[in-house]
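**Q** As a plain string of letters, each chain reads:
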Amino acid sequence: MHEMSLAEGVLGVVQESVRGHEPCTVRTVRLEIGALAAVECDALRFAFDVIKHGSVAEGAALDIVHVPGSAWCMQCSRNVTIAVRGDACPECGSWQLQVTGGGEMRVRELELA
Amino acid sequence: MCTTCGCGSGETRIEGEQQEEQRRAGRSGAATPRAGGTAGVAGMDTHVHADGTMHSHPHEHVHDDDGRGHGHPEHRHHHAPGQEHEHEHVHADGTRHAHRHDHLQGLDHDHGHDEAPHRHEHVHADGTRHAHAPDHDPGHGAAHAHAPGLTPAQMVRIERDILGANNEIAARNRRRFEDAGILALNLVSSPGAGKTTLLVATIRALGSELPLAVIEGDQQTSFDADRIRATGARAIQVNTGKGCHLDAAQIERALAPLAPVDESLLFIENVGNLVCPSAFDLGEAHKVVVLSVTEGEDKPLKYPDMFAASTLLLLNKVDLLPHVDFDVKRAIEYARRVRPGIEVLQVSATTGTGMAAWLDWIRAGAAAARERRLQTVAALRRRVAELEAQVARGR
Numbered sequence: 000m001h002e003m004s005l006a007e008g009v010l011g012v013v014q015e016s017v018r019g020h021e022p023c024t025v026r027t028v029r030l031e032i033g034a035l036a037a038v039e040c041d042a043l044r045f046a047f048d049v050i051k052h053g054s055v056a057e058g059a060a061l062d063i064v065h066v067p068g069s070a071w072c073m074q075c076s077r078n079v080t081i082a083v084r085g086d087a088c089p090e091c092g093s094w095q096l097q098v099t100g101g102g103e104m105r106v107r108e109l110e111l112a
Numbered sequence: 000m001c002t003t004c005g006c007g008s009g010e011t012r013i014e015g016e017q018q019e020e021q022r023r024a025g026r027s028g029a030a031t032p033r034a035g036g037t038a039g040v041a042g043m044d045t046h047v048h049a050d051g052t053m054h055s056h057p058h059e060h061v062h063d064d065d066g067r068g069h070g071h072p073e074h075r076h077h078h079a080p081g082q083e084h085e086h087e088h089v090h091a092d093g094t095r096h097a098h099r100h101d102h103l104q105g106l107d108h109d110h111g112h113d114e115a116p117h118r119h120e121h122v123h124a125d126g127t128r129h130a131h132a133p134d135h136d137p138g139h140g141a142a143h144a145h146a147p148g149l150t151p152a153q154m155v156r157i158e159r160d161i162l163g164a165n166n167e168i169a170a171r172n173r174r175r176f177e178d179a180g181i182l183a184l185n186l187v188s189s190p191g192a193g194k195t196t197l198l199v200a201t202i203r204a205l206g207s208e209l210p211l212a213v214i215e216g217d218q219q220t221s222f223d224a225d226r227i228r229a230t231g232a233r234a235i236q237v238n239t240g241k242g243c244h245l246d247a248a249q250i251e252r253a254l255a256p257l258a259p260v261d262e263s264l265l266f267i268e269n270v271g272n273l274v275c276p277s278a279f280d281l282g283e284a285h286k287v288v289v290l291s292v293t294e295g296e297d298k299p300l301k302y303p304d305m306f307a308a309s310t311l312l313l314l315n316k317v318d319l320l321p322h323v324d325f326d327v328k329r330a331i332e333y334a335r336r337v338r339p340g341i342e343v344l345q346v347s348a349t350t351g352t353g354m355a356a357w358l359d360w361i362r363a364g365a366a367a368a369r370e371r372r373l374q375t376v377a378a379l380r381r382r383v384a385e386l387e388a389q390v391a392r393g394r
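Going down the list, the protein sequences come from chains A and B.
Residue numbering for the first sequence follows numbering that gives the first Met the number 0, beginning at 0 and increasing consecutively.
Residue numbering for the second sequence follows numbering that gives the first Met the number 0, beginning at 0 and increasing consecutively.
These are computed hints drawn from the structure, not numbers from a lab.
Ideal Cβ placement from N, Cα and C applies to all residues, glycine included.
Incorrect hints may appear among the rest.
[Claimed, not checked] Residues from chain B shown here face chain A by an in silico Cβ test under 10 angstroms; the list is partial:
{"id": "1", "residue": "G163"}
{"id": "2", "residue": "K241"}
{"id": "3", "residue": "C275"}
{"id": "4", "residue": "P276"}
{"id": "5", "residue": "R329"}
{"id": "6", "residue": "W360"}
Turn these sequences into a full structure, and let the hints steer you where they fit.
**A** Take a look at the structure:
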C-alpha cells in the first residue's frame with residue numbers, strides 16, 4: 000500500500016535522529032510494526048532498500064519487531080489477541096472488540112557505528 | 000527518495016502553485032520505461048549526503064520483468080583530492096578503528112559499491128601515510144564513522160512514530176479547523192463509489208445554507224474539481240502524482256490558496272483507495288467512508304482498516320438495490336465487526352433517497368464545530384478579562 004511513504008518516514012526519522020551523533024553510520028534501524036498497522040513488511044523492506052541509497056542509512060539493515068494485535072472484549076471483559084481487525088473474540092466469539100494495540104508504526108531504535 | 004524514478008512522494012501538484020509547476024517543467028531526464036520487460040533509466044542523480052555534502056554521478060535503475068527488482072546495480076564514487084572522508088577499518092588482527100581523513104592530492108580514487116574490500120591509502124594526522132585493504136561492508140554509507148574512541152556500536156532509543164511528521168501537520172490542521180469553527184470531513188472510498196456525485200448533490204442542497212469549500216484528491220486530472228466548481232463551490236485539486244493517498248502536508252498546502260472561511264464546511268475528497276488513506280490523518284473531524292451497493296458487502300472485512308478509521312458509513316447507490324445482489328444487513332454487520340458503533344446511513348446521491356439524514360448529520364457536525372469555537376472564544380474572553388483585572392489591581 001503506502002510502504003514507500005512509510006519508508007520515507009523511516010528515513011526522515013533516522014536522518015533527524017542521527018543529528019548530534021555524526022559522523023556515524025547507521026547499522027540497524029529497528030522498527031516496531033503492529034499486526035493491525037496495515038503494513039506489508041516485505042514491501043516496506045523493499046522500499047527502504049530503494050530510498051536509503053546515498054543517505055546516512057545506506058548500509059543499514061531493517062530489523063522489524065512484530066507487535067501482535069490486541070483488543071479488549073466488551074462481552075467477556077478480557078484482553079485478547081487478534082490477527083486482523085474484524086476478528087471475533089477468541090474466548091467468547093463476540094465481535095464487540097475494542098482494539099487496544101497492534102497499530103504501532105514506530106522507529107524504536109538505531110544501532111550506530 | 001530517488002528523484003530520478005520518482006517513486007514515492009514528491010510528485011504533488013496543487014492548483015495555484017505556479018512555483019511548483021515551474022520546478023516540474025524545468026526538470027529534465029524524465030523516466031521513460033523502454034518497451035519490453037526491462038526498463039532502464041540512466042541519468043545524472045544528485046545525492047545529498049548526511050553531512051550536507053552533495054555529489055552527482057550517473058547511475059542506472061533496472062526494473063525487472065516482475066516489476067519488483069529495483070536497485071542501483073553499479074554506482075561509482077569518486078573521491079576528489081581535498082574531500083574529507085571518514086572510514087572505518089578493520090585490521091587484520093580484528094581491531095577496528097575509525098578516523099576521518101582527507102583525500103589529499105594524489106590520493107583521489109574511484110570505487111564502486113560492489114568492489115567491497117578495496118585498497119585504500121590515507122594519511123594520518125601525524126603525517127604517516129599508509130595503505131591497506133579495509134574489510135568494509137560493500138553497502139557502506141556516505142559517512143563511515145571512524146572518529147577515534149567511538150564505540151563500535153551504539154544503540155540509540157528513539158521511539159518515534161514513522162508517520163510522526165504527518166501527524167504533527169495533521170494536528171496543526173485540526174487546530175486550525177477547530178479555531179475557525181470549520182467542520183472538515185475526509186471522504187474515503189474505493190474508486191467509483193460515488194464520492195464526487197454525492198458531494199455535488201450535498202453542495203447543491205447545503206450551498207445556500209453554509210459556506211463550503213472542497214479539496215479534491217486524485218492522482219491525475221482536475222476533472223473532479225471541475226465538477227465541484229460547476230456547482231459554484233470553491234474547490235482546489237490536489238494531484239498526488241504517484242501517491243495513493245492525500246497526506247496532511249498536501250492539505251496544509253491546499254488550505255493556503257483555498258482559505259476556507261470561519262464556521263464553514265470543508266470536504267476533502269480523498270484518492271479513491273480503500274487502503275492507504277486510512278493511515279493518514281489529515282486533521283479532519285471525521286473520516287466518512289462511502290461504500291456503494293454495486294461493490295461487495297464483504298468490503299468492510301476485506302479492507303477493515305478504512306472502516307475502523309471511519310465514524311460514518313454511507314451506503315451509496317441504494318436505488319440500485321433491486322438490481323444487485325447486495326446484502327445491506329450483512330454489510331452493516333461486517334462494518335460493526337471492525338468498528339462497533341460506526342454510524343450507517345443509506346443514501347442515493349442520484350435519486351436523493353436518504354440524503355436528508357446525511358444533510359442533518361452534516362448540519363449537526365457543523366453546529367457542534369461552531370459551538371466549540373464559541374466556547375473557546377468565550378473562554379479566551381474570560382481569560383483576557385481576568386488578566387486585565389490583574390493588571391488593573393497591580394497599578
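**Q** Run through the hints listed earlier and report the numbers of any the structure violates, in increasing order.
**A** Of the numbered hints, 5, 6 do not hold.
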